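Residue numbering for the sequence shown follows the UniProt record's numbering, starting at 1 and increasing by one per position.
The hints are simulated quantities; they were obtained by calculation from the structure and are not laboratory data.
Bear in mind the structure is a predicted one, so any value in this text is a computation, not a measurement.
One thing to keep in mind: the hints can contain errors.
To be verified - As a list, the in silico DSS-like pairs of lysine-lysine whose alpha-carbon atoms are at most 25 angstroms apart: (1) Lys-104 <-> Lys-338; (2) Lys-368 <-> Lys-111; (3) Lys-338 <-> Lys-173; (4) Lys-313 <-> Lys-333; (5) Lys-14 <-> Lys-319; (6) Lys-202 <-> Lys-173; (7) Lys-111 <-> Lys-158; (8) Lys-14 <-> Lys-333; (9) Lys-14 <-> Lys-202; (10) Lys-316 <-> Lys-333; (11) Lys-313 <-> Lys-112; (12) Lys-112 <-> Lys-333; (13) Lys-202 <-> Lys-170.
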Amino acid sequence: MASTQGSSPRTNGKVITILSIDGGGVRGIIPAVILYSLEAELQRIDGPNARIADYFDVIAGTSTGSIVTALLTTPYTPPNPPANASKTNPPPNASITNRPREAKEIPEFYKKHGPAIFQKRKAPHNRYTTVDEEVGTIRLADTLTDVLIPAYDIEHRKLVTFSSHQERNKVPKSSLPLRQAVLGSAAAPTYFPRHHFQADGKIYNLVDGGMAANNPTLLAIREAINIFGSRDDNRYLVISLGTGAEGDHHDFVNLGSPIDWILDLKRGIPPLVSLLFETSADMVDTYTSIFLGGGQNSRHQFLRIQDYTLNPKQLKMDKATEDNFNNLINIAKQLLEKPVSFPSSWIGLEPTTTNRDALGRFANDLSKIRGDAAKKLSRR
Numbered sequence: 001m002a003s004t005q006g007s008s009p010r011t012n013g014k015v016i017t018i019l020s021i022d023g024g025g026v027r028g029i030i031p032a033v034i035l036y037s038l039e040a041e042l043q044r045i046d047g048p049n050a051r052i053a054d055y056f057d058v059i060a061g062t063s064t065g066s067i068v069t070a071l072l073t074t075p076y077t078p079p080n081p082p083a084n085a086s087k088t089n090p091p092p093n094a095s096i097t098n099r100p101r102e103a104k105e106i107p108e109f110y111k112k113h114g115p116a117i118f119q120k121r122k123a124p125h126n127r128y129t130t131v132d133e134e135v136g137t138i139r140l141a142d143t144l145t146d147v148l149i150p151a152y153d154i155e156h157r158k159l160v161t162f163s164s165h166q167e168r169n170k171v172p173k174s175s176l177p178l179r180q181a182v183l184g185s186a187a188a189p190t191y192f193p194r195h196h197f198q199a200d201g202k203i204y205n206l207v208d209g210g211m212a213a214n215n216p217t218l219l220a221i222r223e224a225i226n227i228f229g230s231r232d233d234n235r236y237l238v239i240s241l242g243t244g245a246e247g248d249h250h251d252f253v254n255l256g257s258p259i260d261w262i263l264d265l266k267r268g269i270p271p272l273v274s275l276l277f278e279t280s281a282d283m284v285d286t287y288t289s290i291f292l293g294g295g296q297n298s299r300h301q302f303l304r305i306q307d308y309t310l311n312p313k314q315l316k317m318d319k320a321t322e323d324n325f326n327n328l329i330n331i332a333k334q335l336l337e338k339p340v341s342f343p344s345s346w347i348g349l350e351p352t353t354t355n356r357d358a359l360g361r362f363a364n365d366l367s368k369i370r371g372d373a374a375k376k377l378s379r380r
């Protein structure tokens, strides 16, 4: 079982399941909608109490992906509590359940709290308040399945990965709050100040995890290897969700001066930053497919859902308006009906399956894996 906090086993001992969620600011609502679709299918198969966290041994999220990860893997306060109730101030005669929220609630979370979290003109304390309200004092060690959150330490110029598995196995048990990992992973340079904090005797100065691992899939696989000790490529089932990438809207070929590469008032994202993030994410897809054996086998174990057609206006990471969120939700819904583009395209196969159909097949596999695990546990 991936976590001592989980209410039931996830793995049958033969297959290790991984979910990875990219960074991308407000565009985190795109994978949130995809996960809503996946969880709805799991609930159709296994009943209304099914939750994403029940089916994955490791869930990794960078930046906005870390926010989605936290919402998927932490206990939630029951609906309709008193107005002054929160995780840090629970209502009288009520307790926080050990179940996470439903995935369908996360797109609404983005629409409601997005302006406070993502708009760079907002004061940082607004972000802290919102994350505190949702995550509260929950420790990283207490997530409902194993979680991995990358951030970048600008003082020591190195990637930092926050692992619930590692925190849980420290002696004494770590007190690192989950909120600190999330706020550090989502502190995008030029948008927000570095996130500084001290925990367990260490001092952290962190910026956005996307600086080193905007697509955390390979980090999640490495984490699973550390936990389960298996490098057998046939034992992994991986779903990786992107937040959208630019289509053929920018003429990178004609960029000349340094100013051209670092400034684009229309797009809002420096061309160099966009290119580095997208290239890095694409290489992670390729390396993941290679790790999983490449060829036709990898398409049965690895599903990457990404929209490669966004225009510059849709790419903005801090446009937290209702119209933009509704537009991104529509993009996600359309993406579900598009053909699977990776790894099918990489291994030379014509894409014939939609992302929605592929999610349905993976949902069946996840249900079977979890069902086998429950049977194995009952025989002990």
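Evaluated hints:
1. Lys-104 <-> Lys-338: holds, 21 angstroms
2. Lys-368 <-> Lys-111: The hint is violated at about 34 angstroms.
3. Lys-338 <-> Lys-173: violated, 45 angstroms
4. Lys-313 <-> Lys-333: holds, 18 angstroms
5. Lys-14 <-> Lys-319: Status violated; Cα separation ~43 angstroms.
6. Lys-202 <-> Lys-173: The hint holds at about 15 angstroms.
7. Lys-111 <-> Lys-158: violated, 33 angstroms
8. Lys-14 <-> Lys-333: violated, 33 angstroms
9. Lys-14 <-> Lys-202: violated, 37 angstroms
10. Lys-316 <-> Lys-333: holds, 19 angstroms
11. Lys-313 <-> Lys-112: The hint holds at about 21 angstroms.
12. Lys-112 <-> Lys-333: holds, 19 angstroms
13. Lys-202 <-> Lys-170: At roughly 14 angstroms apart (the allowed maximum being 25 angstroms), Lys-170 and Lys-202 satisfy the hint.
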